[in-house]
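A.B. asks: For the record, the sequence lines run as chains A and B. Residue numbers for the first sequence follow my numbering, beginning at 620 and rising by one. Residue numbers for the second sequence follow my numbering, beginning at 3 and rising by one.
Hint data in this document are derived by calculation from the structure and do not stem from the laboratory. Heads up, some of the hints might be wrong.
Claimed, not checked - The calculated lysine-lysine pairs, modelled on PhoX-like cross-linking and capped at a C-alpha distance of 20 Å, are:
| hint | chain 1 | residue 1 | chain 2 | residue 2 |
| --- | --- | --- | --- | --- |
| 1 | A | K689 | B | K310 |
| 2 | B | K786 | A | K727 |
| 3 | A | K726 | B | K855 |
| 4 | B | K742 | B | K636 |
| 5 | B | K786 | B | K644 |
| 6 | B | K650 | B | K685 |
| 7 | B | K131 | B | K183 |
| 8 | B | K310 | B | K390 |
| 9 | A | K748 | B | K94 |
| 10 | B | K131 | B | K94 |
| 11 | B | K742 | A | K726 |
| 12 | B | K636 | B | K605 |
| 13 | A | K726 | A | K703 |
| 14 | B | K636 | B | K737 |
| 15 | A | K701 | A | K657 |
Stated by the list, open to error - Not close to chain B: a few residues of chain A, all C-beta gaps over 12 Å, as computed:
| hint | residue |
| --- | --- |
| 16 | T640 |
| 17 | T660 |
| 18 | E673 |
| 19 | E700 |
Backbone N, C-alpha and C fix where the C-beta goes; we use that ideal spot for every residue, glycine too.
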Amino acid sequence: MNNNEIEILLIEDNANDAELTIRALKKNNIANQVVHLKDGTEALAFLFGNGEFEGRNINNKPKVILLDLKMPKLSGLEVLEKIKSNDLTKAIPVVMLTSSKEHPDIKKSYALGANSYIVKPVDFESFRKTVNDLGVYWLILNQPV
Amino acid sequence: MTKAKQIRNTPKKTPAEKSQSASVFNFTQAQQQALYASIINSSDDAILSKSLDGIIHSWNSGAEKVYGYTAEEMTGRHISVLIPPHLQKEDKAIIEKIRNGEVVKHFETIRIRKDGTTINVSLTVSPVKDEQGRIIGISKISRDITSQKKAEQAVMEANREKEAVLNRISDGVISIDNEWKYTFLNNTAMTRYPQGKEAVLGKVLWDLHPEMKGTPFWDKYHEAMETKKVVEFEDYYAPLDMWVFIRIYPSENGLTIFYKDITESKKAEHKLNESEMHFRALIENSAEGITLTDAMSNVIYRSPGSYKITGVLPTENVRTLAHPDDIESIKEKHLEVLSKPGIPVEFQGRFLHADGHYIWLEGTFTNLLHVPAVNAIVTNYRDITERKKAEGKIAESELRYRSLIEQASDMIFIVDTSMKYLDINNAGCRLAGYTKEEFLQLHPKDLLFEEDLDKNPLNPEKLKDGQPLTYERRLKRKDGTAVELEVNAKMMDDGRVVIFARDITQRKLAEIALKEGEAKYRSVVENMHEALIVEDHQGQLVYANSEFYKMFGYSPDTDTFLSLKDYTAPDSYAEVIQRHNNRLKGLEEPEEFEYKGLRKDGKEIWIEARVSSVMENGKIVRTQSLERDITERKEAEEKIIKSEKIYKTIASSIPGSVICLLDTDFRYLLIEGDMVEKMGYSKEKLMGNKAEDVLPPEVFANVKNELQSVLTGKTVTRESTSNGYDVISRLIPLKDENNKVYCIMTVAIDITELKNAQRAISELNRDLEKKVTDRTLQLDAANKELEAFSYSVSHDLRTPLRAINGYARMLEEDYNSLFDSEGKRLLSVVQDNATKMGILIDDLLTFSRLGKKEIHTSNVDMEPLIENVIAELSKSGAVRAKINIHPLHTGRADKTLMNQVWLNLISNAVKYSGNTDHPQIEIKSSQEEEEEIIYSISDNGAGFDMQYAHKLFGVFQRLHSHNEFEGTGVGLALVHRIIAKHGGRIWAQGEVGKGATFYFSLPI
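Same shape as in the complex, but just chain B:
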């Protein structure tokens, strides 16, 4: 409200302004005022009006914000409250100007806020005129520019700082604007202008330095100005006799130019160039390739020699590429050289020649990156392709030679002059019994027996004249046994000695043996555990040692003139004679084979023979054979083969089975049967291999112990699952005649179906059990209902019955005299029937109770039981019949129930024989096998027709009318039920008028 009032104090508009406003807005004056008020109040600027003498009339909300005073506080007060003391004059000057009709715009000054802080403000002050144009007041708009001022100040300070920095640096720094006028020069730059900054700033560059026109300076400066990109260059600046390096940074406002005096370094460079000439001359005339590269392997320089080698022109700065196989090693060398400044690093490798093929280069890298004059990695190299080719050939022949000596069956080894072993072939290793590594560590002495030490025949002196040396010697093998060798040694040009040695043990032995009279050697032969046989061309036995005679059962004294035919089994003879003849025709190499020998006693034995030829004067004159009896082994083998055949047949004829034979090392000798693949194994993989190598480790771990126990003679049965098949396996030891296990047989049968059936059965059983439980629960429930029913029957039916009977009785007692005889008869019929119904209900209840009654069996002595029953019966009525009780078997039964059975049966018999003249009842028992005891009770009464026999034991079934015999028809049904509960049977035989016999049995 107050504000609205104050607005009224704002100057009135001129009529012209008014009409204009009105024409535009079509507002009433009041509306216009409101409009202005809202505009003014929504301004952030402080808008106020005051009188010419400085008294404030209006104060908008912007003024409240800027100065902190409210309109109420300030209206009517003097403006000087806002002006700092030292600026009081300033306001007076402004007012003066306004009085003169001037407008003050954007006058920046300082004012004080209510809270005492000072603010920078920008003032726009204008006069307020009345309709006659007289100045009646002042309007003033103040804008708070404190933050703007602060920012300006910060920029200025930063500029000052920057200038200080620029002034401190030794490079010259010049800034020029887009009109090429100087805007800044640092101290260094100013040294060129002793006349002072004023003489330079604002001047055009090209005016001050016309000499630059047409020089690179002109071009570069313009380039930077036009492209707005950093430009760098160096050049000689003649006016100052100075080399300068110049870097020009373009910006929106022009260019900033940094320049540096590089005269000194230029001079040094020039000097360097001179000495470089010398070296260059050397390098360029060198046949070696020289390449300079920087740290990144970029080629800086390539010598003419390099061109000759690599085919790459010195001007082509391309790298020479290493062969893919050599890249890694070259890279490694390169890294090494980078880490070792000044130290040459040698390299060798294949590199790509300009014409596309690879050449071998050898040389050095030297890291001279740290030497300013060079600042490169220097690579010196030469082409060694030819040499490499030659080396390759040598290596090739080396390889060929190597394979030759490796294939040789003779021992070949090399020693140097210091008797150190340098090389040995495989055959040599085998012969000596050492590995190659071991052998090369040996000293010749290690291969000699002590007694041979002094006669080492390898005398280097003798070898020196280049003649081969041949001699025989004994070699001590690693295991201490001896090998006889024929040695041929030859010294090569380089002093190394190549030695060929051949195993002549057999030859030696034969030779020794053949030297008759040489008892010493003979004893060696004679003591051998192998039979030695020497035969001539005709197969005639020339010599045999004692082992032969032992083996074949002959006597050296009596069995003379033996020949091949005598000690060879007929079915082996053809083969043996064939071999014999072949040998004599010129086969020198020893051979091994097996054949069947024949003992003198006619027994055939298996022999393993090693036959060689005996030479004399280069001709084969005899054969000699070392023989061993392998019958035992053969027989075991044959046994296995035979059992194999059997088991193979068995296995292949049993569907769903696998039969395996394993030797004592658990090696598969036989696998047969259609289950192998199904169980996830492969016959091929298992066959001939050890179980531990081919079975899955977890499977082998399971059977290992079992297999081992089978080896001790036990038979093991195991069930397992393999590949989804259930299998039962039997592991059986096969024993020879000495009861030694020589083989394991495993028989596995697929019992998956059986297992499935078992599983199905146990599942069914579970179901069944559940069903039984359910049914039992149902039965229990039914029994409960039945019990309730029984109770209900016994109580509810009997109660009215009791009333009928009781009241009839009362009638009879109290009103007897009023009844005539017919009335009395009728009354007694009522009573009789009521009584009968009571009995019927009692019987029925007894019968139904039996269903839920559990039986407790014991051995029941039947005779006293029956006697008691008869005594009971006699009490309740006359028993006319003569009852004959035969000796009875003791029965296993529930005594109480058995009492009921006899009671019912005997009372039945008594009842139905009641009309007979001489009623007689026989009670007997008999035992049938070990199964049951049969009791019987016979009477000579009314009997029954057998065609109704099946109705005898039904509830309420009667074969006689009430007139004939009283009864409810429950008695026999009850007996039947009791007997059935005991697991026994009941039946009857009878004939009308001749009596009946009831039988029942009790299980033992």
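Chain A extracted, bound-state conformation:
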């Protein structure tokens, strides 16, 4: 893990989905620096520089976090809550990744401070398009607070 500026932090337990997401991001040339972490515990350790990420420069913050809702151990919601309740991380935009727009947790995510969500469609094209749109928006247009 180098100290280059991290652009996107992807927190996703499903390796296939992660690969597809990263591919979609890369195809759109919007993410050269994507960090993929496989669960919430790892993500929090990364963000707050403890555990296996002891000593990491925690001021090197991602420009956007893509956070899968459904994960084993710490759920997406729990991770979101931790991120949004800490002064260090609460300004980082978080985009929730979900399998269905009907998911009841989407509402809760907004309540906890999520900035947006992406439904992971079966159709890869539309997924790529959505990721692209969001990526552009959050990485380029949105100014971090």
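Use these hints to put chain B onto chain A, whose structure you have.
C.D. replies: The following block gives chain B in isolation, referenced to the frame of chain A:
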């Protein structure tokens, strides 16, 4: 241990004793010693041994207890420690005796304990001898007899006290033992023996007093001795010229004799006897009965006169029993006399004669219990049975007379010479309008009008010669009205006057009326409110007052020569003429009856008539009738009777009902119906009675106010429960033509079944509500599961699908050049199917979500909604069809869902008309009645076979192959579900190749 050692010091046994002991116990010497030691130590007595010079050798545990010293303390010490100083010699004397071989037994003396207290002891001292028989020591057994001594002392003291008492009393007291020897004489008894006690005590009674042999004294003394019972007697004791009263108390030890000098009282008694003789003579010759009884009513004496009266012999000391009816009063008198010594109390009552019948006795009780010579209650009495019988007869005749005068219809009353009313009969009370009590308080003036005051005809002077006096007078009744009386007064021997008075008001009136020319009286008659009719033998009207003419509508001037027939209704005529004829044949008593009269105008009226006979020279010459118009009353009655008939019929023909009629006093006039008994009432009890008298008070209290409001013309409905029946009652006022309530009708209907059904229904409802709640909970649970399932499907199925699609895409992008055309085709089939499956899952989720979605209805303007949908559809693909939207009704629906409906229906229509040359779609609506709006969408596309119409709206049901038309088979199922949720219907018509029309309705 020490004790055991000391035991060794006890004297050795003689060989003889030893062998004896050994032979008995077969013990060794040591064993024997141990045995003795244990015996000695278990004794409560102090057992010690000492040398001849008084040094103590052994000391058992009893000695420790008696003297308070332990064995250690006393062994080796001198015995004198235990002996009080003044008795030291005593011990020496004892030791001396022992030295001489004597034994001292039960010597009582005093010893000192360790604590300094003295004790009484009984000593038994014996020598201890060695085998040669020499005295070598002394054994001593002391027993503590202190408490025994104290008890003896107490007895002695008590005896002394008793003796002192006995000596102080004036009676003689002598005790003799079982051998008749004197053991005690008190001071009084000793006065007979100047020689002193020693000369008497121990001597045999009969030796000192041989003179008693053969006298009652001998007999009584022996009787007491033998029977051991108290014996009392009195007798003259000649040697002392003295009457004595003797009481002998036997005891185990002999007799104690108390005697008292009663000579003086005996003399007095004797004197009394003499005067008694005189009186007795008087009493015994008296014809009066005299009985003396004690306070407990035991007969002490009965005179010969008493025998003559009661048949009880003077010697028979039996009580004369009072008649059960008189017992109480006699008892009372008896108690009274007991509380009033010396005062005679009179009595009268029936008593049982010896021959078994009751006799009347009258007399006095006199309490002379306090007079010693008499000491009795003296009863003097005589037989008054005959007198009583006579009195009874008088009372009987009195009773007969009383009932006669009470039954008389004339007024009968009695005055005394001071003009005070003494008695009056019922008829008199009725006539005067007073109660008997009131009347007897009156003065004759109270019964006179002021203007008649000066002509009171009851002149006692005239009556005095015994001639009856007859006259007529007016009597002022209590209410101030007047009654004309014919009075007959007669003075009886005792000066009282019996007065018979007869009400002659009617006769008077008639007489007055008949006296033509007497204008004054005529005006009375003319002003009466009753019609007065006088008729002759033939029923011809002789006279009638003006009220008659008014009542019957005739004119006195023009309608002359009227007869009975003219003013009697035809159906009453027979009865009236019959009565008329009967009267003229000799009926004197007035009679009252009702009949129907006939007015001149032909109208019938009800008349109440009071008819009497007019006498002339003892013969009936005319009848006169006072008549009143009671038509109104009669009509009301008839009305009630008529309604009764109606209601009776109604009531008896309605099962489970009661119909009652009540008059304005709430009196039951009619009760009909099969519910009366069931409700716990009895027709007989209610009928004719007022509700307040026959209904249970709590029931009447409930209905009272309602009944009263019915009287004001209101109708009341009430529900009640009676005897387990639920009843609905209606209380209805019955009104006459003047709108006046004359009667109340109550109709009660048994609604028990209805009530039960209602109760059952509400119970069922409760059950149902519970079931609904339960079911709702189950549904909620099921919905939750479904939600979880939906989520699972959406996530878990889509994730692998995404991978398939995504990786296929990656394959296509990165390795495209390596595939030939067949490889590319295969890859695209994978992608297509994955995409299709994604759509299918999405549709399915939408469909299932609808199940739990609540609808929010509003008025939805359909046209813009449809236009939006078409715009949406156009965005995602070409819409070839020409869509014609007709003006549409606004529908009441959930706008979002309605959007979905139109989207699915229009896209369907577009899809299925896609292969047609000129696709055309028509959207219309119509309103059916006030109930629903029907929307329709028609296309000219592929259509469908009507025989599969029922499959159109099922999930995954498709009527076309994928090759023909794409689709998941969820769209129409979704529409169907939405419409159903709105309470509407959906259906379709179609023909293969000619298009289809889908209809759905929304309720208004």
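A.B. asks: Hint by hint, say whether it matches the structure.
C.D. replies: Hints and how they fare:
1. K689(A) / K310(B): violated (136 Å)
2. K786(B) / K727(A): holds (18 Å)
3. K726(A) / K855(B): OK: K726(A) and K855(B) at ~17 Å, within 20 Å.
4. K742(B) / K636(B): holds (16 Å)
5. K786(B) / K644(B): violated (75 Å)
6. K650(B) / K685(B): holds (13 Å)
7. K131(B) / K183(B): violated (48 Å)
8. K310(B) / K390(B): holds (18 Å)
9. K748(A) / K94(B): Answer violated: K748(A) to K94(B) is near 149 Å, above 20 Å.
10. K131(B) / K94(B): holds (19 Å)
11. K742(B) / K726(A): violated (79 Å)
12. K636(B) / K605(B): holds (14 Å)
13. K726(A) / K703(A): holds (15 Å)
14. K636(B) / K737(B): At roughly 16 Å apart (the allowed maximum being 20 Å), K737(B) and K636(B) satisfy the hint.
15. K701(A) / K657(A): Holds - the C-alpha atoms of K657(A) and K701(A) are around 17 Å apart, at most 20 Å.
16. T640: T640(A) not clear of chain B: closest Cβ-Cβ about 9 Å, inside 12 Å.
17. T660: At about 21 Å from chain B, T660(A) clears the 12 Å cut-off, so the statement holds.
18. E673: holds (33 Å)
19. E700: holds (20 Å)
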